[in-house]
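Novice: Here is how the chains run, residue by residue.
There are 2 protein chains.
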Amino acid sequence: MFWFEDVPMNERVILGEYTFTQENIIAFATKFDPQPFHTDPEAAKHTAFKGQVASGWHTLTAWIKLMIEYREKMTHILGEDMPNRSAVSPGLRQVRWHLPVRPNTTLIYDFTTTAKKDWPSRPQLGLVERACDARTADGTLYLSFINLALLKRRPE
Amino acid sequence: MFWFEDVPMNERVILGEYTFTQENIIAFATKFDPQPFHTDPEAAKHTAFKGQVASGWHTLTAWIKLMIEYREKMTHILGEDMPNRSAVSPGLRQVRWHLPVRPNTTLIYDFTTTAKKDWPSRPQLGLVERACDARTADGTLYLSFINLALLKRRPE
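So the sequence lines, in the order shown, correspond to chains A and B. No gaps in the numbering here: position 40 of the first sequence is 40 in our numbering, and each next residue is one more. No gaps in the numbering here: position 104 of the second sequence is 104 in our numbering, and each next residue is one more.
Hints are all accurate, no fakes.
Identical chains blur together in the list; that is why a pair holds if it fits in one copy or across any two.
Cut-off 25 Å, straight-line C-alpha distance, at most; resulting in silico cross-link-like pairs (DSS-like, lysine-lysine):
hint: 1; residue 1: K116; residue 2: K152
hint: 2; residue 1: K45; residue 2: K152
hint: 3; residue 1: K65; residue 2: K31
hint: 4; residue 1: K31; residue 2: K50
hint: 5; residue 1: K50; residue 2: K65
hint: 6; residue 1: K31; residue 2: K45
hint: 7; residue 1: K116; residue 2: K73
hint: 8; residue 1: K73; residue 2: K152
hint: 9; residue 1: K65; residue 2: K45
Quick caveat, the hints were computed from the structure, so don't treat them as lab data.
Can you build the whole structure from these sequences, using the hints too?
Specialist: Listed below in structure tokens is the structure:
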């Protein structure tokens, strides 16, 4: 089911959700993005954001964890090691942070495969383009990007 | 010097460097990208990477820390709060991981402003496009992306 050939097009897959809390916003930002509107709820009130917001790199990074968990879960369901476990990503496109993410916001991450392409330099692989979104339960869009991934083709 | 109007075009700025070690590769990946080729040097030998590599999200995230440190340093040099401290980023484009980053690799991060544009919905801001690279000292390119940032314009 998970070889390149089997990836369904235009089907929305829910990866999972992640809740941004005051605590994990501070923990991430202290280490990687130490700006007052992320690390200091009080100082954040006096910035352009008028309050604490999550680092955009935090909202982006949450995706890969959910993607890995999703793949692990599918492996268990399918009863076999997924062939695309060791696939690598050639990159991301059009990363957009649409709205600030406030503490106690839960984002639901999903992706939809929008294109499947040959990868001539490594013919045993195929490229998938995935439109990735993170939204609150009411459908408001906070983050979107396009993920490119190389998946193994079914052996002949 | 750092209002939108003053940002120099096509001038390469060195942000700083970051060394990926076995320890910080494991620490980041355990938390955010728990795949064996990142978290387990021994298991990594039996994956497509033939050894441990840094998470791409780790190499990407290292940039924002260096950008913040650079802005802090410039603030000290200029003796004033930089007007673009609270600038927000509308996004990233064309994030590409060109080569696996092995333990004990030091990447030098730089950026070059390649475009400056009006931002009609918020006329007090201007958009800069920055071509961002991370290379080893011999010039080999490991990571590249385009960062979009909104900077304050000089008050009239």
